[in-house]
Amino acid sequence: MGEDQQPVADAAAPPETAANAVILSFRDAPAYEGPVVALADYAANSNTAAVRVEAGEDARSLIPHLARLRLIEVAFPKYRDGRGYSSAQILREAGFTGELRAAGDVLLDQMVFLRRAGFDSFAPARALNPAAVAAALERFPFVYQNAADGRQPVWVRRNG
Amino acid sequence: MYRYDEYDQAIVDARVAEFRDQVARRLANEITEDQFKPLRLMNGLYLQLHAYMLRVAVPYGTLSGTQMHALAHIARKYDRGYGHFTTRQNIQYNWIKLAEAPDLLAELAAVEMHAIQTSGNCIRNISSDQFAGAAADELADPRPYAELLRQWSSFHPEFSFLPRKFKIAVTASDTDRAAIQLHDIGLQLIDRDGVRGFKVWVGGGMGRTPMIGHVVREFIPASQYLSFCEAILRVYNRYGRRDNIYKARIKILVHELGAEEFTRQVEAEWALLEPLALDAPAAEYARIVAQFAEPAYDPAASDRLDLADPGFALWVKQNVHPHKRPGYAIATISLKPVGGIPGDASADQMDLIADLAARYAHDEIRVTHSQNLVLAHVRKADLHALWTALDAVGLATANLDLVTDIIACPGLDYCALANARSIPVAQQIAARFADLDRQHDIGELKIKISGCINACGHHHAGHIGILGVDKKGEEAYQLLLGGSGAEDTSLAKILGPGFTEAGIVDAVEKVIDRYRSVRTGPSERFLDTYRRVGADPFKEAVYG
Numbered sequence: 001m002g003e004d005q006q007p008v009a010d011a012a013a014p015p016e017t018a019a020n021a022v023i024l025s026f027r028d029a030p031a032y033e034g035p036v037v038a039l040a041d042y043a044a045n046s047n048t049a050a051v052r053v054e055a056g057e058d059a060r061s062l063i064p065h066l067a068r069l070r071l072i073e074v075a076f077p078k079y080r081d082g083r084g085y086s087s088a089q090i091l092r093e094a095g096f097t098g099e100l101r102a103a104g105d106v107l108l109d110q111m112v113f114l115r116r117a118g119f120d121s122f123a124p125a126r127a128l129n130p131a132a133v134a135a136a137l138e139r140f141p142f143v144y145q146n147a148a149d150g151r152q153p154v155w156v157r158r159n160g
Numbered sequence: 001m002y003r004y005d006e007y008d009q010a011i012v013d014a015r016v017a018e019f020r021d022q023v024a025r026r027l028a029n030e031i032t033e034d035q036f037k038p039l040r041l042m043n044g045l046y047l048q049l050h051a052y053m054l055r056v057a058v059p060y061g062t063l064s065g066t067q068m069h070a071l072a073h074i075a076r077k078y079d080r081g082y083g084h085f086t087t088r089q090n091i092q093y094n095w096i097k098l099a100e101a102p103d104l105l106a107e108l109a110a111v112e113m114h115a116i117q118t119s120g121n122c123i124r125n126i127s128s129d130q131f132a133g134a135a136a137d138e139l140a141d142p143r144p145y146a147e148l149l150r151q152w153s154s155f156h157p158e159f160s161f162l163p164r165k166f167k168i169a170v171t172a173s174d175t176d177r178a179a180i181q182l183h184d185i186g187l188q189l190i191d192r193d194g195v196r197g198f199k200v201w202v203g204g205g206m207g208r209t210p211m212i213g214h215v216v217r218e219f220i221p222a223s224q225y226l227s228f229c230e231a232i233l234r235v236y237n238r239y240g241r242r243d244n245i246y247k248a249r250i251k252i253l254v255h256e257l258g259a260e261e262f263t264r265q266v267e268a269e270w271a272l273l274e275p276l277a278l279d280a281p282a283a284e285y286a287r288i289v290a291q292f293a294e295p296a297y298d299p300a301a302s303d304r305l306d307l308a309d310p311g312f313a314l315w316v317k318q319n320v321h322p323h324k325r326p327g328y329a330i331a332t333i334s335l336k337p338v339g340g341i342p343g344d345a346s347a348d349q350m351d352l353i354a355d356l357a358a359r360y361a362h363d364e365i366r367v368t369h370s371q372n373l374v375l376a377h378v379r380k381a382d383l384h385a386l387w388t389a390l391d392a393v394g395l396a397t398a399n400l401d402l403v404t405d406i407i408a409c410p411g412l413d414y415c416a417l418a419n420a421r422s423i424p425v426a427q428q429i430a431a432r433f434a435d436l437d438r439q440h441d442i443g444e445l446k447i448k449i450s451g452c453i454n455a456c457g458h459h460h461a462g463h464i465g466i467l468g469v470d471k472k473g474e475e476a477y478q479l480l481l482g483g484s485g486a487e488d489t490s491l492a493k494i495l496g497p498g499f500t501e502a503g504i505v506d507a508v509e510k511v512i513d514r515y516r517s518v519r520t521g522p523s524e525r526f527l528d529t530y531r532r533v534g535a536d537p538f539k540e541a542v543y544g
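As you go down the protein sequences, you meet chains Y and W in turn. Per our numbering, the first sequence starts with residue 1, numbered consecutively. Per our numbering, the second sequence starts with residue 1, numbered consecutively.
Because the hints were derived from the structure by calculation, they are not lab data. Where hints are given, some of them may not hold.
[Claimed, not checked] Examples of chain Y residues toward chain W, derived with CB under 8 Å:
# : residue
1 : F26
2 : R27
3 : Q89
4 : E93
5 : F113
6 : R116
[To be verified] To spell it out: a stretch of chain Y is covered by chain W in this simulated footprint if at least three of its residues, at any positions, have a beta carbon under 8 Å from a beta carbon of chain W; those stretches are:
# : region
7 : 28-34
8 : 100-107
Computed from a predicted structure; not experimentally measured. Positions of the beta carbon are idealized from the N, C-alpha and C atoms, including for glycine.
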């Protein structure tokens, strides 16, 4: 019954990589600024500390190497492509505590979901207004489910 | 009925404020239509042929009288005095102005309602059995589980940008009134070895590639059904196709992997999720169950029913179902009067039904997936008064599950996707079979009409299905037979070449006449006759 069944014409494609993006970080430590290698080129025995995971790639393949990684960058080629949320959840569930960066088509209205899924750093292809981001992140006072951010679902608050 | 607490209310209020901000940014051109579209869609706002359409969630189809009054008020203030109940147990308004939509949502929030996730590629409104909590044949009320699913799925951070929309249905009876095998996830509440849990189907659906769901779990304890759904959704979110919108539903993933391999992947994912203890605590489930407490039944309610009035007797026979409680019954209000638009209700009708619910039915109303309304807890002693009041305003049509109780999508009259009109075809078939004696002689016969292959009118599940297509710029209709959305789920098959608008009505009549001549007797339903004799006698009747 709806237009969401129509193919959506792609808007002007945002850059796939965010080489010149301003990093928005929610971490205490400064954002990692060293070289980032593609997952396909990552060799476990290298001394690379940062890896980029494309939308279709298996973030789980990094689990044996998490301790030596400082940054994992997860690509969002289009904001509608939600695979990166699962990648983030999987990495946080596996215990990754380093910088987890969402890069690419990262929009204001996705920020709440991205933060909840475990991202703590952002390289948006189009700059975000920090004040608007802060307001968006404070808008929802409660959450309904467990996620990587560790916020208590209301079912915990309700039942003490 | 479930009532919001301070947390639910705060979340829904925040959503209204967020959408108000998004609409303001759109109206000020700070965001493009392309950027705004997914935001409004996640609030149920579609751009249709003539105006915006707003789809309001009716979780598991249950409404209070107060909520129904609010829907009537919204129909008057923001629409043209009516609303349209849908096959998702929701209500749609077809003439909404974008600038007014935030105020409308605020009025909904004031009566604990919303339009969250009624569209978009996310987990949609959870549907359920319209007789839940009242049916004589159910294990337990499935709605507390549906409510917990509603909360868990609302703003789920991992599953708000799925490959495609995702629909979950929950029932608790062997009689399937919610078409669970035609959902992305179908859950049936069952007991095994004294433990309550669910049988789980995945990968059913209609649309342009209809498929019946596969059982991926014979039993998952109810204490873990949320995390098991999480595992299913994660496999889908990671591996569901995103290259082709028409192949993006989970049914295609299940089909392409094979049910066995898909099940293996879900189990592997769940093995990782289970130790994380993601499920709600038992106390939360108990809290929700308490809110679905049984109404204060009249312990002296009598089973006696005076059927002297033939019109009333016919309505009782067709539109009234057994209740689990002695002295009570379940009454279905048909929104399929001959000549009407299937599922439409005027604001005045909504107000009247709300008043009748308050007076006779413990202030509770259900929306059915076949676009009718239900009063689930009516004393048998009150049925006649209820029927009299309904009859006075044309709401007592005794046609539930009969040939004129037609499901139809909005079709080309409203929808930007449609190839053909659905509503006029439904109206013409209803007019052709208007004679109630004839309808009752034909017996149970579910006709379902879609105006395009997206199948919003469920034509694949129709005993008789009708599909509108575009044939060289002309509206044309295909005829399908043998579908079912019940526990005996089957997909209807195309009978032969298509028809014009007039031709399809004639063809339906020929099919029904042939059924009457080949059935073993009045107790053999059309669907059973079709399954027994096959398509040939009907082909001959229509094309011979």
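Structure-based check of all given hints:
1. F26: Where the cut-off is 8 Å and the nearest Cβ of chain W is about 15 Å from F26 of chain Y, the hint is violated.
2. R27: Violated, because the Cβ-Cβ distance from R27 of chain Y to chain W comes to roughly 19 Å (cut-off 8 Å).
3. Q89: holds (5 Å)
4. E93: This hint holds: E93 of chain Y lies near chain W, its Cβ roughly 6 Å from the closest one there, short of 8 Å.
5. F113: holds (4 Å)
6. R116: holds (4 Å)
7. 28-34: violated (count 0)
8. 100-107: violated (count 1)
When held up to the earlier numbered hints, the structure conflicts with 1, 2, 7, 8 and fits the remainder.
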